[in-house]
Amino acid sequence: MSGAINADSALLAPASSADASELLASMEPQRRLRIKGHSQDPAEGISTLVCANLRGYEHSPADQTLVAATGERLGAIEQMLAEHGQRIAAFPLTTSQRDMTLGAILGSGLDTAAAQRYGRFRESLIGAEFVLPDGTRAHSGGRVIKNVAGYDLAKIMAGSLGALAFVTAASLRLYPVPRRSVRLSIEADIPHAIALIEQAHRRGIEMATCEWGQGLLELGIEGPSEAIEAAVRKLADLLERKVGELELSEGDQGSPVLGSRLAAERESFGGMIIKVGTRLSGAAELQRAIVGAGLAERGVWMHSHLGVGIHYLGLPGNGALYGRLDAVLRSMSVAGQRVGHLDPAGGSIFVGRRPGGLTTMRRVLESFDPHGRLVSPMRTSVIEETENPR
Amino acid sequence: MPIASLSDRIAEFKRRVVELVPHGECIVGDAPALSSYGADGLIRFRQTPEVVVLAKSTEEVRAVVSLCAELGIPFVGRGSGTGLSGGAVPPAHGVVIAASAMKGIVEIDPVDRIAVVEPGVANLVVSERSAPLGLYYAPDPSSQSVCSIGGNVAENSGGAHCLKYGFTTNHVLAVEVVLPDGSVEVLGGESPFEPGLDLRSSFVGSEGTLGIVTKVWLRLLSRPEAVRTLVADFDSVESAGAAVSAIIAAGIVPAAIEMMDALAIEACEKAVAAGYSLDAAAALIVEVDGSQEEVDALYEEVKTACITCGTTKIREAADQAERSRIWLGRKAAFAAAGRLAPAYIVQDGVVPRTALSSILGRIQELANQVGLRVANVFHAGDGNLHPLVLYNPDSTQESEAAEKLATEIVELCVEIGGSITGEHGVGLEKACSMAAMFDDGDLEAMQRLRVAFDSQGIANPGKVFPTPRLCGDAPGRYRAHALELSGEAVRF
Ligand SMILES: Cc1cc2nc3c(=O)[nH]c(=O)nc-3n(C[C@H](O)[C@H](O)[C@H](O)COP(=O)(O)OP(=O)(O)OC[C@H]3O[C@@H](n4cnc5c(N)ncnc54)[C@H](O)[C@@H]3O)c2cc1C
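Read top to bottom, the protein sequences are chains P and Z. According to our numbering, numbering within the first sequence proceeds without interruption in unit steps and concludes at 400. According to our numbering, numbering within the second sequence proceeds without interruption in unit steps and concludes at 496.
Worth flagging that the hints you see were computed from the coordinates, not collected in a lab. Heads up, a few of these hints could be off.
[Unchecked claim] In silico BS3-like links for lysine-lysine, alpha-carbon gap of 30 Å or less:
| id | chain 1 | residue 1 | chain 2 | residue 2 |
| --- | --- | --- | --- | --- |
| 1 | P | Lys244 | Z | Lys307 |
| 2 | Z | Lys168 | P | Lys244 |
| 3 | Z | Lys219 | Z | Lys168 |
Since the model is a prediction, treat every value here as computed from it, not as a measurement.
Model the full structure from these sequences, guided by the hints.
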């Protein structure tokens, strides 16, 4: 080990996976750790393992791939790639997301508006290097975009809330920045928005983003100018409006973009946020049920990556509405998960229908971390759900 | 834990399995029929199973897997048997659970663009059945008219159009699986977000070693409004490679970019007369799709890139019939190699896209050293090459040299930053090459996933992981896992 790290310290910030491996291998099995992107308030009896000191990247512009240490900040990566006309499949980002490390973003399972065209961020993960809780160093995947050798352990790390391993580097597939991007904002309730998306699909318009919130639908369209103009004409037709009457903005970044505005609102929201998945058409039923249960009038809101059926439900207050929302989701057989600031001791993160595969999830967690060294709300919740089903 | 001898357990299995599944769905004791399930598309490996079950429902699969678990009998899932890495070869004294009869399309939802299908449905059937709704299923392996969705999930199959649209993993929302202990779980959900650990992602591509797929939720796409296809000839593979780089560098993501060298062109021409130029040293098939305006704009740029890189001839598909003919040639490439030699090995490796031309030079050198010919077809956009190593099977020396060359080629791929397989999987064939790409720690991490799904090691054992029995010396130091130490799991 470089000698820079004192294994007894409450904050452990290795600068390489070799250091992390040595550190973890040298610890007593009963030592408890939590994995974070950067330093956090100390927690009683738990050390914090952070990826902030893992730095460096290897960008292959012509291969459109990036291998980056998980301590790199998303904003810096975004900026470096922009100079090469490339980007990661996560945009638009908020200011605080730009400030987050790649490790934190991966661990928390970030989704952005880009999911509509490029899939969830995990889908552009083509490899990962990680250290298991006992210090075993491992990697999965590689640095080529096509690869089926061995199990894909990179994607399972995404959204695992630090419960499986300390991810030290990730390989990402990159995409060219489109020649032009425009955003079309349309006032639409959810049923109307769904109908419009369906008609757009039928007319051969593939949106790059498809965000809904605050009664607004925002469609992002990317590509060569001629293609964008044709798509906008078709959308104007569908809306029975003239192109000049549409509310259009250029670019895929910045505050006017609904996706990042909603994400920023989520970040500053004081209440509880639940992320749920439905089919596209299920969004209307979800919203009806929320209104029907009297939750909307109590201030519960909904933001969506609508085209892919990923929604965020905001519950104001101290969680008093949680039980009622849980019942609503169960009645619809929708599974949800709390996101944002999660406390492992704060009860199960799961809401609504039990997610599929809980028993296997538990086995996987116990196989990767037999001594339960990693303290994570994922592990606590999976164990709680398998032992005391709600 | 089973205590009886293996032969007693197998006898017990044979006695009880016929009570679990209706007559006619179970093959026991019929040697020729059993033998037809002994291999997949890679006929080099063969093992006759003890029993074959032609399952018709999740419940039947569950019952049979539970019996396997109770008696400690290994099993393998099987789709259409087109796999090219020996993945569906039965384990010794094992049972084949064939999903080929589970061909139901449960649902196609045009609004949500989701298809729910049983695992035995052929890949192409999903697109055919979705076509009247203006939809299709994007991953398109060349074997798509035959290979099953269950097999595609197990192999994380790719195809020519995966450069733009992604691989099977990007199109599978959820899988219903029978786990090796006989329990049934759904991994994933109807939206790409499902709470908890993303087990779906690890299951896709696990080559039948984590359980049997019994139902799949697929993401469908709307058919693009327009498609244009061209074939560009080049007088060297280097200039064809440069054209690929130029297209990508222009920020274009074509629907497909396929490359063939002279020998591959010759084979395809002999087989299906697709109209390729026999005097070209290399040819690219490039396809762009999307809205009419997008296609018009990008197509011209693709042509310009080919011209700048010295194409000697561009053939443009004038209509759908010509486009189909162009693709027919490419998709027939594997079988067509039979026109050049009595036998050939289909190899599957990946290199960074920018290393394509250089690896072709190295492959040529290696082939020259042993006096063998290699035809090359590849998904150039994603660096996935399929060298076809030609040889005479009557010569033991040539057969051995061909196998050695094929292995050297994939290990060369790893050396230059690539992978031993881009789409055909590790199976039996490449289990020993895994050590070229993954060290002890990597394999240990993968085993941790494996034992979590399959503590007895009965799901398709002997595949994917290098074992001393398969590979001679153990590739790497053996370290017991915590679950093994506690007696909860055994390694296989
Ligand atoms: C001419 C030809 C061209 C090909 N072209 C391509 C190509 O372009 N791209 C590509 O990716 N592949 C290609 N392949 C390889 C092959 O078609 C794919 O790997 C395909 O996905 C295998 O499907 P199958 O139904 O035939 O599976 P099988 O061969 O039956 O099985 C393959 C693996 O999947 C497992 N499996 C099958 N069904 C299940 C199930 N229900 N549950 C769990 N495990 C299961 C088996 O155990 C085995 O490990 C080609 C093969 C041929 C012969």
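* 30 Å limit on alpha-carbon distance, applied to hinted pair Lys168 (chain Z) and Lys244 (chain P) -> This hinted pair holds, its Cα atoms lying about 24 Å apart.
* **Pairwise hint evaluation, Lys168 (chain Z) against Lys219 (chain Z), where the allowed Cα distance is 30 Å at most** => holds, 26 Å
* Is the straight-line distance between the alpha-carbon of Lys244 (chain P) and that of Lys307 (chain Z) 30 Å or less? -> Within the cut-off at roughly 28 Å; holds.
Comparing the model with each numbered hint stated earlier shows that all of them hold.
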